[in-house]
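Required output: the full structure, derived from the provided sequences and hints.
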Amino acid sequence: MKLSWLLNVTPALFLMAVCCSYADFVSINKDLVIKSCDRTIDLTSQLVKINHKISITNNGGSGAPRTFLFSLEGGAQDKLSYIGATQGTSEKTYLKVSEAKVQGHPGVGFWKVELRDALTKGITAVVNVEVVLGGAQEMFPAAITQKEKQLARYTGNVYVHSPYPINSQTTTITLASANIESYTKHEPVSKQDSTVKYGPYNNVAPFTVSELIVHAENNNPMLVVSNLIRVIEVSMWGNIAIEETVDVKHNGAQLKGSFSRYEYQRESSGVSSVKNFKTLLPAAAKDVYYRDDIGNISTSHMKVMDDAVELDLRPRFPLFGGWKTHYVVGYNVPSYEYLFYKGDNHVLSMRLVDHLFDDMLIENAEVRVILPEGVSDVELSTPYPVKRDKDDKHYTYLDTTGRTVIVMRSQGDLTENHIQNFDLQFKYAHRTMLLEPLLLVSAFFLLFLLSIIYVRLDFSIRVDEGAEAKMKVAGYLEKVATLQDRRNALYQSIEDAMVKFKSNKDNNSFQSALKRIGGDYKVETQAIAELLTTVKNINPELGDKVGELQRLDRVYRDLQAQQTALVEKLVSGKIVKAAYLDQENGLVKKKEETMEKINSVRAF
Amino acid sequence: HSVGAGLCAAGMIAIVPGYISRSVAGSYDNEGIAIFCMLFTYYLWIKSVKTGNIYWSALCAVAYFYMVSSWGGYVFLINMIPLHVLVLMICGRFSHRVYVAYCTVYTLGTLLSMQISFVGFQPVQTSEHMLALGVFGLCQIYAFVEYLRANMTPEYFNILFKSLVIIISSIIAVGLGVLTLSGKVAPWTGRFYSLLDPSYAKNNIPIIASVSEHQPTSWSSFYFDLQILTFLFPAGLYYCFSKLTDHNIFIILYGVFAVYFAGVMVRLMLVLAPVMCILSGIAVSSSLSTYMKYLDGSGSQTKAASKQGKGRQDTNSTQQREGTAYLFVVLMTFFLVTYTTHCIWVTSEAYSSPSIVLSARSHDGGRIIFDDFREAYWWLRENTPEDAKVMSWWDYGYQITAMANRTVIVDNNTWNNTHISRVGQAMASTEDKAYEIMRELDVDYVLVIFGGLTGYSSDDINKFLWMVRIGGSTPEGEHIKEKDYYTPSGEFRVDGEGSSTLLNCLMYKMCYYRFGQVYTETGKPPGYDRVRNVVIGNKDFELDVLEEAYTSEHWIVRIYKVKDLPNRGTR
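Listed in order, the protein sequences are those of chains A and B. The opening position of the first sequence corresponds to residue 1 in the numbering used here, with each subsequent residue numbered one higher. The opening position of the second sequence corresponds to residue 1 in the numbering used here, with each subsequent residue numbered one higher.
Hints are computed from structural coordinates only; laboratory data are not their basis. In this text, a Cβ means the ideal position worked out from N, Cα and C, and glycines have one as well. The reader is advised that the hints may include incorrect statements.
[Unchecked claim] Quick list of simulated restraints, FRET-style, between CB atoms:
id, chain 1, residue 1, chain 2, residue 2, range
1, A, A142, B, E349, 47 to 55 Å
2, A, S460, B, N30, 52 to 60 Å
3, A, K479, B, I54, 54 to 62 Å
4, B, S458, A, T155, 49 to 57 Å
5, B, D29, A, K390, 41 to 49 Å
6, B, Q517, A, A142, 50 to 58 Å
Given below as structure tokens:
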């Protein structure tokens, strides 16, 4: 038993070694048999979606292969845009599918499907293989007038293509309409409304091919994205901006002859034309815009739903066969849903392509991920192979070293099945975020510093004598003004003392107060007199003014002295009250006039 | 004049619709900048006349250079300044300050302006610049004469003066005559003639007259664009005359000429708006300050008057004056407030929506947007061959070039009159004749603007008479006669009574192709044109040499493809 196992294994090992050295050739396991296969071909959209429900079993031999091969005939293989396999009905397991090469079968495409469990003898596994073909439906006729309907023709294989014998198989074709021009009559075949059923066919040998042609009306949108540029700009401040530039083309039957707006509006012709389509954006999308090179496209609606934001996009004009247009859709999403980090390590997990419209077909896609400035150790993992170009640099405001741009290009057509996440790991130090604000702050700081220096320092080459002198005089005059203020304060205190004296009639304290104030007054007057001579030396005119001030002040002083004497007389009873009031009134008026003059002179 | 006047003028110019019209929705055209340059140049000119400083004059020349580089209307400026000098000379106010200022500005400014390739040698060759050159010469002579007068006895001087005048004037006359005849000095261009004589263009060059901006201004549009400034303007002039100085003379001259030019062409309202604001600012501030005097501290005055017990009559008259002052100030405030609201209203109604996107109200009050222009232009851009040539009337040339990125036959800057005329002929001819012209011009697509479905009135049918006139203005288009397109009673009609020439020309057919089947308004037969308010005359026809390539949603833009020559024998 052990020996035989060994014997069995050795050729396999040997084969594996051969495979590794000679371009990984895989052999077809003769033990495997497909018990039944139910195939459905969905032709309702522009795509051809084929689903194979395969029951595969190990009919003999003692090997327990974990893989089996899936094949497609030459025509279909070229148009393949997606292939995927699942196992189980309620709990689906996605199986790994990889391209394989088998010797001796030129023009046939092979894929190796890895099963969930090993297939020992007698065990049956049920696997669903989904295949999506793009551009497999041919428009026939290729050009139609506006009134005509669009017809599509699909050419395929009546039998399921397989490297293993199939015991029993059926094929169900779903069409877009019941208006069927023709279909291959390969008995047993039945037709009901928009479905055509082939089979069951029993015991079909491997690689059996018999042409199948279905020709039917299909007015569903045949929109193809000829070029998609998806730019994802990641900001570390919590936002991810996404912008998609889309070149979309109607790949259905070409419009022959003229376009008539009248017929389009009144007779609702042009059934194959596309007026609008719906794009689903992530639920968190906000600040959505829809525009092209000449501005906002004013015909669109947005509906926020629970799990998505639905954009109802209407191109500027209805798209007829062969017409194309170009637009840009952009939006923002918060980064916490897509960007995860621990320390300086970050992972960005986003959809490689997103939904543009139902049953979309993207011929070329370029995804550009703009990372923040200063990232390092970028590692990319994608759900399906893409071509990664050399990293680019992107510069926006305040960038110094430029932002790293990861550029990915699609290989082959992309469909809705390709809406899957990619992971991008990178290292980013959070303190780098402060760089740009600091840059701004220091720039402004420098600007202000320079202006401070410029304003505060004198950069003139020669000294301006006049200005110097003026400034000096101004300084002196300011001093004079303060001194005068002090003198005025002294006058006020004399007034106060007089009032006090009138009420308490304390002659001694009044006299002493007068003496004290008189002393202070002398000091101030002396100081002003000194300043007067200095100012006169520099600027005689202003000096005269100071002199005038002194003169007026003397007048004021005299007036106040008279008043003091008057008060003394009143207190000592040498004068009647009425006479006192009369005289005082005159004095006060004169004093006021003089003070006014003083103030006007004081202002210089 | 005063700080107050400046402030008033600044406030007014900030919102005057005549100037705002040049900037729509945040964007502006070069004329918006040009007006700033012009005013800046004037400011520096006045400054240099006041000071007689070479520094200010040189700055003025630099500002003039800026102006020349931004707008062709600099010609107005270079005529305005010499005119000012000339008037100063006549008034006997010519001084060394003016001499220094003008000589510096003219020489420097002319040299600088010649650096602009568009201007080139025009300043010394074309008649539009002759005034400046002449005044420059006159300045030299005048200054020389003054010098001589200062150094000679009056008798000798008189003899010399007379002989000099005769000799120099004859030399100038002969020289100018020779230069004009030999073609060195360019003849007066049509645009200039139309400035001097408003009817000149209409009679001679239909293409100049066809532009709506070149139409003479109506009184209503003066009021619409300037409102109370129209009435304040004479008051401002009065204040300027009452205090005649060098710079006031300049403002008067500028104002008077700007009014004249704005009357000739709607477009030049732009030049008028600033001076209107300046003069009105002067008027407002001067009159306000006159009356405000009576209000200032009038309370204490009356008190003092009554205290001193002066005559009752005097008090009365003071109070009367006060009342008038109050009334006036309130009235002026009211005018200024209405001016502000009017400006805001005009700006939002007339000058704020881009003309490329039209909007209308539907029955239920909702807004309908007609984005047909962009729709059709984008279609052209995406779905025609890149080297396709589009024929349309020249109004849409720039739009097609910019938005559709396609070559056009004629555009807004086409100088070749016969080329535009050829397009006009194609539009005005029958299909067969038009096909020949279109083959000759190598046209792939033809674009027309049609408003009959939506009621968009500035469409090609309404412009059609200009196409006929322009088409018929050159020798090749002699067979196109304006009167063929009128009914016998001389009307332009597209209904059943219209002339058959009109109902069978290419423009008519392109606009109304298949329109005869469309119901536009309830209760009206199909093919009812909502602009002309008639049912079209020729409903049932097919196009032979064209096919409908695209028509926008509201039928405003219709694009036709020119069919290739048919194979032999098929026709």
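Evaluation of the provided hints:
Distance hint check for A142 of chain A and E349 of chain B: the Cβ-Cβ separation is about 52 Å, which falls inside the suggested range of 47 to 55 Å. In this structure, S460 of chain A and N30 of chain B break the distance hint of 52 to 60 Å, their C-beta atoms being roughly 41 Å apart. For K479 of chain A and I54 of chain B, the hinted distance range of 54 to 62 Å is not satisfied, since their beta carbons lie about 44 Å from each other. Our hint of 49 to 57 Å for S458 of chain B and T155 of chain A holds, since their Cβ atoms are close to 55 Å apart.
Checked against the given bound of 41 to 49 Å, the beta carbons of D29 of chain B and K390 of chain A, roughly 44 Å apart, stay inside it. Separation of Q517 of chain B from A142 of chain A is about 30 Å and departs from the stated range, judged on CB atoms against 50 to 58 Å.
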